Amino acid sequence: MLRIADLRAGYGAAEVLHGVSLDVARGEILCLMGRNGAGKTTLLRAVMGLLAPMGGAVWLGEVRLDALPAHRVPRTGLGYVPQGRRLFAGLSVAENLEVGLMAGQGGDALRDEVLALFPRLRDRLRQRAETLSGGEQQMLALARALCLGPRALLLDEPTEGLQPSMIAAIREVVAAQRAAGVAVLVVEQRLDAVLSVADRVAFLENGRLAEEMTADALRADRARADRYLGV
Amino acid sequence: MRALALHLGLIAALLAAHFILPAYHHGNLARVMVLASLALGYNLLFGYAGLLSLGHALFFAAGMYGMGMGVQHLGLGAGAGLILGIASGAVVSALVAALALRTSGVAFMIVTLMFAQAGFLAILHFGAWTRGDEGFVLAQAGRSLFGLDLSAPGTRYLAALALFSTCLLLSLALVRAPFGRVLVAIRENEERVRMLGYDTQAHRFAAMVASGTMAAAAGAVYGMLFGYVGATFASVQYSILPLLWVLLGGAGTVLGPFIGTLFMFYLIDLGSGLTTAYMLIAGVVLVGLTLFAPQGIMGEVRRRLWRGLP
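Listed in order, the protein sequences are those of chains A and B. Numbering (the working numbering) for the first sequence: 1 to 231. Numbering (the working numbering) for the second sequence: 1 to 310.
Since the hints were made in silico from the structure, they are not lab data. Because the structure is a prediction, the values reported are computed rather than measured. Where is the CB? At the ideal position from N, CA and C, for every residue including glycine. Take the hints with a grain of salt, since some may be wrong.
Claimed, not checked - Facing chain B, from chain A, some residues (calculated, C-beta under 10 Å):
(1) Tyr80
(2) Phe88
(3) Gly90
(4) Leu91
(5) Gly104
With the sequences and hints as input, model every part of the structure.
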């Protein structure tokens, strides 16, 4: 579904990603792990077109994304939840969702479908986004991305700084997306969170793909992760 | 529904004021309504799209000179003159937007200021047509619309009210439409809006053209109703005043520009009756408001009383 082929990207003249190739299938969760500065967020930003790739290609289904302007990429069916949530703080929960729905041309049915996944948000529709708790903000960021009706999702550390109950709620929603056939690429730092939800795991090191394995293989040999995470 | 009732209520109150206000305040309010229309235009760009322009004097003057020169040199009637003025503003704002929106933040302020100054200097330079610094008085014959004499106080007030009502309701419709929501979202976090699939540059362009065209409509009507077209209206003062009015009234609220314009107009009017140093009074009040109501008058109303105020 989502195919990243020999992708090179960076900032200015400095290349951060040196030719990374990854595939995420329909209904699969691929977790991307690595130390700080390994290039995980750069990879997501390059896939979304926020950084102009220096080489390589990105495909979503039959659509080549790296040739599109950044604002056209989400309309191909690619949702993105960046690190730090980045909500429209001054807008209410309902208005945040509305902006997402308008972008995806989704109607009330999609809105109800999304809100069914996040009952806490349904109770806070008129509340301004900046007044939500951290976990609720993350839910809203995820809900807004789902308002596009995506075929693939990119999540950048969705459980960062959240309490266990919130992490569980978000994990459930991500698993539900997988069950619905969405391809999910998630950047995660916490090994426990990864093992509880991932199908496959890829490790990035210094801008290169160091190793790729199934989650089952990693569960059987957790020490292999230490090499790439520095713990 | 409540919001629409509030805005229609203001229009009704202004219509009622036409019948009861003494001549002095009647004349003042007509002027305030036209200037508030300039502020409403400014607010679309600054209050909703989050772009601080220092060039709205150019759009105001484009409307005023487009109308004035059409009437004076081309012999157009009032209606055609007003249309030419508004069209001039739309074209000028589209040209400025195409170039200035390549920048953002402080650079955007500087670029818009430079364009406005270029416009001001062009008016002075082409004095053979514009009468330079001195400006020109519109011939009485060009100030009649559908048989109505726009220079008569009563007609002038109602024409100002018609402009203001149109701009107010148009602003309300724009900011409550999906377009307005996206503008606010761009103001909050432009990259995120792009990541939801919006062409943010096209939205900002549309906002700037709408804003500039509304400012030009105010300029064209101002020149027509008060019968004078002058370079003062293209000076930097007319870029800064709408910013002040909007800040005072409450940026990003539909009623704020009117409240701010009215407040500032009467503050200076009353202050100048007390002392020749009336700007000192205005300055102290402005500092006080900035300290105690940083979101402006209607911004405070929104914060304290009515969270959903558009």
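Self-check item: Earlier hints that do not hold, by number
Solution: When the structure is compared with the hints, none of them turns out to be violated.
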